[in-house]
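S.K.: Chains Y and W, in that order, give the protein sequences. First residue of the first sequence: 1, per our numbering; consecutive thereafter. First residue of the second sequence: 1, per our numbering; consecutive thereafter.
Source of the hints: derived by calculation from the structure; they are not laboratory data. Treat the hints with care, since some could be wrong.
Claimed, not checked - Straight-line alpha carbon distances no greater than 30 Å define the calculated DSSO-like cross-link-like pairs of lysine-lysine that follow:
no.: 1; chain 1: Y; residue 1: Lys182; chain 2: Y; residue 2: Lys49
no.: 2; chain 1: Y; residue 1: Lys182; chain 2: Y; residue 2: Lys109
no.: 3; chain 1: W; residue 1: Lys103; chain 2: Y; residue 2: Lys16
no.: 4; chain 1: Y; residue 1: Lys251; chain 2: W; residue 2: Lys103
no.: 5; chain 1: Y; residue 1: Lys182; chain 2: W; residue 2: Lys103
no.: 6; chain 1: W; residue 1: Lys243; chain 2: W; residue 2: Lys50
Stated by the list, open to error - Every beta carbon over 10 Å from chain Y, so not counted as near; a handful from chain W, in silico:
no.: 7; residue: Ser57
no.: 8; residue: Leu84
no.: 9; residue: Cys117
no.: 10; residue: Ile152
no.: 11; residue: Glu157
no.: 12; residue: Phe158
no.: 13; residue: Gly200
no.: 14; residue: Arg259
no.: 15; residue: Arg285
no.: 16; residue: Gln289
Note that the structure is a prediction, hence the values are computed from the model and not measured. Each residue gets a CB set at the ideal place from its N, CA and C atoms; glycine is no exception.
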Amino acid sequence: MLRTLPRSPFVDAAYKAYVGLFLIYLAVPLVVVAVFAFNDSLFPALPWKGFTLDWFIGTTEPRIGLLHDRNILRGIGNSVLVALATTAVSILVGTTTAFLFERHDFPFKSFAYLMMLAPLVIPGVILGISILAFSSTVANALDDRFGWEVAALRPGLLLVVLGQFSFIATIATLVIAARLRKFDRALEEAAFDLGATPAAAFLTVTLPYLAPAVIGAGLVAFLISFENFNTTLMLVGSDPPLTITMFDRMKQGSTPVLNAVSLFLMVGSGLIGLISVMVQRDRGEGRAG
Amino acid sequence: MSAPASIPVDPRRDGRRLALLLVATPFVLWILLIVVIPHVDLLLISLHEKVAPRVFSTGIRNYVEFFGEPVYVQALIRTVAMSLLATALTLVIAFPMAYYIAKLARGRGRTALFMACLLPFWVSELVRVFGWMMILRETGLLSNLLIWAGIISGPVEFLYNDVVVMIGLVYTSLLFMVVPLISALDSLDDSLIEAGYDLGGNAGSILREVVVPHAMPGIVAGSIVVFMLTLGNYLTPTLLGGKSSQWFTAQIYTQFITRFNWEVGSAFGFVLLATSSLIVWIGLRLTGQSLSSTLGR
Numbered sequence: 001m002l003r004t005l006p007r008s009p010f011v012d013a014a015y016k017a018y019v020g021l022f023l024i025y026l027a028v029p030l031v032v033v034a035v036f037a038f039n040d041s042l043f044p045a046l047p048w049k050g051f052t053l054d055w056f057i058g059t060t061e062p063r064i065g066l067l068h069d070r071n072i073l074r075g076i077g078n079s080v081l082v083a084l085a086t087t088a089v090s091i092l093v094g095t096t097t098a099f100l101f102e103r104h105d106f107p108f109k110s111f112a113y114l115m116m117l118a119p120l121v122i123p124g125v126i127l128g129i130s131i132l133a134f135s136s137t138v139a140n141a142l143d144d145r146f147g148w149e150v151a152a153l154r155p156g157l158l159l160v161v162l163g164q165f166s167f168i169a170t171i172a173t174l175v176i177a178a179r180l181r182k183f184d185r186a187l188e189e190a191a192f193d194l195g196a197t198p199a200a201a202f203l204t205v206t207l208p209y210l211a212p213a214v215i216g217a218g219l220v221a222f223l224i225s226f227e228n229f230n231t232t233l234m235l236v237g238s239d240p241p242l243t244i245t246m247f248d249r250m251k252q253g254s255t256p257v258l259n260a261v262s263l264f265l266m267v268g269s270g271l272i273g274l275i276s277v278m279v280q281r282d283r284g285e286g287r288a289g
Numbered sequence: 001m002s003a004p005a006s007i008p009v010d011p012r013r014d015g016r017r018l019a020l021l022l023v024a025t026p027f028v029l030w031i032l033l034i035v036v037i038p039h040v041d042l043l044l045i046s047l048h049e050k051v052a053p054r055v056f057s058t059g060i061r062n063y064v065e066f067f068g069e070p071v072y073v074q075a076l077i078r079t080v081a082m083s084l085l086a087t088a089l090t091l092v093i094a095f096p097m098a099y100y101i102a103k104l105a106r107g108r109g110r111t112a113l114f115m116a117c118l119l120p121f122w123v124s125e126l127v128r129v130f131g132w133m134m135i136l137r138e139t140g141l142l143s144n145l146l147i148w149a150g151i152i153s154g155p156v157e158f159l160y161n162d163v164v165v166m167i168g169l170v171y172t173s174l175l176f177m178v179v180p181l182i183s184a185l186d187s188l189d190d191s192l193i194e195a196g197y198d199l200g201g202n203a204g205s206i207l208r209e210v211v212v213p214h215a216m217p218g219i220v221a222g223s224i225v226v227f228m229l230t231l232g233n234y235l236t237p238t239l240l241g242g243k244s245s246q247w248f249t250a251q252i253y254t255q256f257i258t259r260f261n262w263e264v265g266s267a268f269g270f271v272l273l274a275t276s277s278l279i280v281w282i283g284l285r286l287t288g289q290s291l292s293s294t295l296g297r
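All chains should be modelled from the sequences, with the hints used to inform the complete structure.
M.R.: As structure tokens, then:
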């Protein structure tokens, strides 16, 4: 079946209906969450009791809005901190690793490539527990040998960053390597012929060409980090990021402030996602993460 | 991939060595310190047998404990079976949509459809699961809707069963299947399909002999990612399935965080890792694909 080929009207209609149902299935849970952020009720459920903005700006118990909920705000702060750090390290390592695989030959290269892909096929929970176990092995060893208590190696934001970085760096590498592969090396050669040093050629020719992929990878890394749950769950200490804070509330059954936070997340991630698509548009093909 | 022959070897040789060192160091630190050594350490911990507080001997007792306890083995088998089913369902549901976007839609409609598929997945999995909870719980939308329509007389709890877990898992996974499928189908030349019709093929035989073989790298890439994400998922089965979900990652969580029994927890982790690696390997062998040809494109 192709658009150039004749189709029976019945098959055509059935196919269109399928596409419609698919889109409804995608949209309904999100629409429900968004709408109930404005319900003037103490529970995120029916009946509809009228429109309110309390779940965003409310200041008095039990109607504490998103803007005045200390734990939620702290969760958002922690998530932003973690996502910025993870993104920075991921694009740095992703860029160098892309160059390693696209520009260099070395022994056991295909094995190294498999190792680079491996974090994608290790369940997130296991990445989490292995980093948890190893960092505490190191921390215990330091404590036993030298009497040093290194708080950074105990569950906390640093471990969360390391856990997320372990697989987000793979995604960043793949995005950046895909663009680097299409780079015409004659441009670099031309820069050399014009007297550029390798560093100057890299900074003025290669890096500007890579920029959309690096920025795109950065935005995707930020989004994945911000919403990561499985790896984060195993590594949190006393400063939980937003997803963990929300998960705990969700289990207990909370007020529609959860809907308000969710709406905030939808708008925020939607914007970042749109920017990442636009930044990478000129590539003609996109890898979404 | 390889260095062009045009680069003279001698004058720039040191420079290339330095460049290799510079780009290899972050990679090696990442893979060794954050991936390989922690997993080796996890394996060593899983081989610790507790003799007394902080005293251990080496042995496989933690693994014996796992295989000797039917509850644990059943949870693993159940999780694997549900993940395989979720992967198959996701593929079947996503394929027509991906085909529509790649081959039938055009222009703006195509972009709009693609964005509509993408958008929900930029939002946290937590929010998406929360949406399903609001719809399906006892006081939720579906229950109220059915009462209003007179189909049921009192509130019904739709949460906490396998069907709901499956709906949530498929929902969570769709994008990771749709995107690789679209990029695989995009590269299929329309004239091959037309040629199939010219040669007397019908929709079924062309799908079987032209479309699916061509899309295989995308199918395998999507299936691996969806299977791995589902098998390692904690959020969706816990919130939608509750205590009855018996998801294997929940057992790992219990051992590590609730019971602080890291030795047994590590063994569980390794059993999960071995199981998932084995299944991915079998999948690659059966379809004649490789990890680098599917995931590392």
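S.K.: Each hint: holds or not?
M.R.: To see whether the hints hold, each was checked on the structure:
1. Between Y/Lys182 and Y/Lys49 the CA atoms are separated by roughly 57 Å; this puts the pair beyond 30 Å, and the hint is violated.
2. For the given pair, Y/Lys182 sits about 20 Å from Y/Lys109 by alpha-carbon distance, which is consistent with the 30 Å threshold.
3. The straight-line distance between the Cα atoms of W/Lys103 and Y/Lys16 is roughly 14 Å, inside the 30 Å bound, and the hint therefore holds.
4. Distance hint between Y/Lys251 and W/Lys103 is unfulfilled; the C-alpha atoms sit about 43 Å from each other, more than 30 Å.
5. This hinted pair checks out: Y/Lys182 and W/Lys103 have alpha carbons roughly 25 Å apart, not beyond 30 Å.
6. Of the supplied pair hints, the one linking W/Lys243 and W/Lys50 holds, its CA atoms being roughly 29 Å apart against a limit of 30 Å.
7. The non-interface label for W/Ser57 is consistent with chain Y: the shortest C-beta to C-beta separation is roughly 17 Å, beyond 10 Å.
8. With a closest Cβ-Cβ approach of about 15 Å to chain Y, W/Leu84 is found to remain outside the 10 Å limit, as its non-interface label requires.
9. The claim that W/Cys117 lies off the interface is violated: its Cβ sits roughly 7 Å from the closest Cβ of chain Y, which falls inside the 10 Å cut-off.
10. Remark: the non-interface label on W/Ile152 is consistent with the geometry, its nearest Cβ contact in chain Y lying 15 Å away (cut-off 10 Å).
11. No beta-carbon of chain Y comes within 10 Å of the beta-carbon of W/Glu157; the shortest separation is about 13 Å.
12. Look at W/Phe158: its CB is around 13 Å from the nearest CB on chain Y, clear of 10 Å, so calling it non-interface holds up.
13. For W/Gly200, the requirement that its beta carbon stay farther than 10 Å from each beta carbon of chain Y is met, with the minimum near 14 Å.
14. For W/Arg259, the shortest C-beta to C-beta distance to chain Y comes to about 13 Å, beyond the 10 Å cut-off, and the non-interface label holds.
15. The Cβ of W/Arg285 lies farther than 10 Å from every Cβ of chain Y, with a closest approach of about 15 Å, so its non-interface assignment holds.
16. For W/Gln289, the requirement that its beta carbon stay farther than 10 Å from each beta carbon of chain Y is met, with the minimum near 13 Å.
In summary, the structure is inconsistent with hints 1, 4, 9 from the numbered list given earlier, while agreeing with the others.
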